[in-house]
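S.K.: Sequence:
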Amino acid sequence: MIVGIPKEIEKFGVIHYAVANIPDAVPRIATMALTNATLSYVTEIANKGYREAITNNQALARGVNVIEGKVTHQAVAAALGQMYTPLKNI
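If you read the sequence shown in our numbering, its first letter stands for residue 1, the second for the next number, and so on.
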């Protein structure tokens with residue numbers, strides 16, 4: 001197991017403690033947590049198809065960066081020097 005050097009960052013009076021790759025220390029629990037957090041999205045996409053799922057679920061829509069060859073996230077488009085296309089226009 002390789003764990004990064006812990007970092008403490010103070011923002012707005014709150015100390016945030018971050019350690020890279022911490023899920024590696026508890027793989028079973030990390031897998032269960034990731035499954036619990038994502039399974040409903042995976043199920044929705046499987047049942048409705050990706051297009052209907054992102055149309056009806058704003059949380060899923062916010063996670064779309066690229067679709068059908070078009071960059072739908074402004075920051076990603078800017079970082080890659082690509083044209084931005086709003087998801088609603090596709």
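Hints in this document: simulated from the structure, not taken from any laboratory.
Do not take every clue at face value.
25 angstroms max Cα-Cα, derived DSS-like pairs, lysine-lysine [as the list claims (entries may be wrong)]:
#	residue 1	residue 2
1	Lys48	Lys70
2	Lys88	Lys70
3	Lys88	Lys48
Just so it is clear, the structure is predicted and the values come from calculations on it, not from any experiment.
S.K.: State for each hint whether it applies.
M.R.: So, going through the hints one by one against the coordinates:
no.	hint	in the structure
1	Lys48 with Lys70	22 angstroms, holds
2	Lys88 with Lys70	12 angstroms, holds
3	Lys88 with Lys48	18 angstroms, holds
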